[in-house]
Amino acid sequence: MREYVLRRLLLTIPVLLGVSIGIFSLIRIVPGDTLMAMIDQSGSVTPEDLTKIRSQMGLDKPFPIQYVTWMSGVVRGDLGASYWTGKPVTDELIQRLPVTMQLAVMAIVISIVIAVPVGVLSAIRQDSFMDYISRLFVVGGLSFPDFWIGTLVVVFPSVWWHYGAPLGLASFAEDPVKNLLQFGPPALILGVRFSATAMRMTRSQMLEVLRQDYIRTAWAKGLKERAIVYRHALKNALIPVITILGTQFRVLLGGTVIMEILFSLPGLGTFIVEGIRLRDYPRVQGGVMYIAVLVVFINLAVDVMYARFDPRIRYK
Amino acid sequence: MSMGRNRSYTVPLGFVLAVSLLAMACSPSAQPTQRQDQPSGQQAQSQAVGKGQTLEDRLASVKKLISMSSAELRKVPTDDLLQMFTNTWPCEGTPKRGGTLKRATSADFPHMDPTFVTIDGLMQHANAVYDRIVQTDASCDTFKADKAVIAPDLAKSWEFSPDGKRLTFKLYEGVKWQNVPPVNGREFTSDDIKWTIEHYKTTDGSITKSTLDAVEKVETPDKYTAVFVLKQPAWYLMERLTGFRQLVMLPKEVKERDGDFRRAMIGTGPFILKEFRENVSITFERNPDYEKRGGWFKDKPYLDRMEVFFIKDEAQMLAAYRSGQVHYVRTGGGAFTSLGDAIALLKTRPDSHLVVEAPFAGGWRLGMRLDQKPFDDVRVRRALSMAMDRQVIIDQVYGGLGVVLPDILWPLIFDKQPKQEELGPYYQFNLPQAKKLLAEAGYANGFTTEVTFFRYGSDIPDALAVIKENWKELGVTLNIVEQDYALYNNLLAKADYKQMTSAWGPSSADADVYFYETYHSKSSNNRYRVSDPKADVLTEKIRLEMDPVKRRTLMKEFWDLNLDQVWAIPRVAGLGFRIYDQKIRNHRGRGGGADNRANSLDHGAQVQNIWLAQ
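Residue numbers (our numbering), protein chains in the order written: chain A, 1 to 316; chain B, 317 to 930.
Be aware that a few hints might be false.
[Unchecked claim] In silico lysine to aspartate or glutamate, DMTMM-like type, Cα no more than 25 Å apart, as pairs:
{"hint": "1", "chain 1": "B", "residue 1": "Lys547", "chain 2": "A", "residue 2": "Glu48"}
{"hint": "2", "chain 1": "B", "residue 1": "Lys517", "chain 2": "A", "residue 2": "Glu48"}
{"hint": "3", "chain 1": "A", "residue 1": "Lys52", "chain 2": "A", "residue 2": "Asp33"}
Hints listed in this document are in silico derivations from the structure and should not be mistaken for laboratory results.
Computed from a prediction, not measured in an experiment: that's the story for all the values here.
Let the hints inform the model, and build the full structure from the sequences given.
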């Protein structure tokens, strides 16, 4: 296992290198210029000044030089400074990560809490009323766009009850109630939505596992349903579910921009999207690299968890 | 355990369909209010929505408005709306000290330095913290929606020399910078003006460099006198100094400490920046030294605090207003452009002010590359303008509430708003004549062109869609291309868009921007690449003419030339509808079209006048 983990860690180097080249190139292919975005409607800057500023920002250098300059900082942990704010991108990411992390963790927990029990129950009570309700839930969860649900969640309580989520971000430590009122609705929406996929996978995996011979044997031996389901069947059924949950967690950690905007949560998603809008190259590059590193490590963690759940899996 | 076969999904799908239909049925109607009258801009008395301008009258009128059916709303004359919900209502009682004004805005800002960035997102906060040499007065008893009343700010008086080349300011004595390190409350003097102007003129990338072209230097004969020495007479400099987007006075200590003004906002203004949480909120507290200037400044600001929350999503913003967490919200476009949308919000918050604003210049216009075919031919430009059915845009996009004006502030030239019929033949819908002109220009079969836009508001693509249909009759195919913010502004600022663009125009009380800055061939703000010797001569004359009467005559001459040459094609300017908590008092809204006029809540200027009824 140790060798496997080390090998995977070494493989992250070419992966991250590829990501860095990709994002560096792509953001510069997008037409538009950070300087012009800064000027907006307000006035004009002479061409001479623009040339001077571009030179000060290093934007007049050839792309390979710009890339090497940036990467030489990245390997030292310096993701550069935002063109707009002047602040180190690392500091900005650290500031935003708790928001995204809390949203992601809450959403995944909700997803698991709903998906696993409902999926299991749906499988063991196949074709019952409970099963139909849960499958209906799956269809709904997969069909209704989360931005639509989110907008309804924002609009209708304000119209009917004059209720709006409290303004001004509060951490859980500062004000747990306010924090939960702010994070709860988007986490619930995301969690319910993601649980639909996970529940569906749980159900189908459980159905498959429950048809295995060793389960039949367990029944024949007279084991209780609870023991069969939770001690024997569920562990095997969960492996693909873990994959899905891992994927969902990666998506969430990348920042769900729509939820962040809808519920005014300044997370990683809005950070990167705003960076694209403003052509703030260091922000976009740094943000994407940050997420790439997280994804790589989450993938590794998921793979390691497989071995924990399934003793047959051994990494060499 | 059941091992049965799968059932069909008919029931679940049917349930989903039913829910969707129910949701659609329950959603508020988004039908535009079709109106039967045309806005004339004339002031008229009416009983339809109430009379008088007291607070009680206005609130009663709001209640009446929201109780009307769509049919009844269509019958309310536009002038009645403008009259009753005008932004020039009288002062509301005796101001009281105290309270925290809370508002929400979607416009955030990347950093705090007004040298480089002067977007609304920044200036709405900067204008509460910084002062200017002079300001636009929006006191409730002197505010005029169509005229900039220049009032003291850091300077108590000013005077042009007879030749117009020296502008002398006498400053208030004892004005202090805010007591925040590294400035620490020292006195503001004429040296600060000199330093600031030089900073703007010499800093690379300074956005306000070109606005100070006429200024050669600033002399400081004593601590409380600053003299602008001008390269040429520049009557417009006074209004330029009041412009809400620029020329705030900056403390040199911040630059000496930080190298720029990106991370600190310390001024002499009514509010001190207390806390800034990026993308979350910004908080200000009263500057206790502000009122010491006395006179107009006495007792101001009235508010103890201001809190501004950054909310990107409009639904969330409106929810914050409905739930009473904020007193005002500024949506992306700054105001509702639809009466229906405004009423929908008012129904959930009937305890609100409504302000209806008429613009004083054309709104969005179609900018054209006048250095390219076919737009270099005036017949083509005239034809396109005549083929645009602006009444349809008014009816379909603005619910019948809009005005047709060129992109020059009419109050600069006229005493009352010109009607569309008075704007000449090229602003009237006349398809046969348009076709004739196009044929004369050699485009009898039409042509294909492209217009780019950024979605500042939904009215922009809607209006372009109407124009696209109009121009089909002319044989002109209009491809509409949406661009993102950076690209759109990039191309517009450099006049580098392909063929046509939906262009924003000047938004300032500075009259010069409507003439020289926009239309002179050598201006860096000439976004249509106008190159007309007549325009150059006239705009230069306007710039140099110190006599206001003669200047007005020249402006009128330019107005006529602009209408004749159709350098840009104005579309329709919709009325703006703003909604505020009725506890807000003495706020004066946006004086239509020229953003410099009293933008207390949108642009931070004049917030010292506002007070909150408890």
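Hints, one by one, checked against the model:
| no. | hint | result |
| --- | --- | --- |
| 1 | B:Lys547 with A:Glu48 | holds, 22 Å |
| 2 | B:Lys517 with A:Glu48 | holds, 14 Å |
| 3 | A:Lys52 with A:Asp33 | holds, 14 Å |
In this structure, none of the earlier numbered hints is contradicted; all agree with it.
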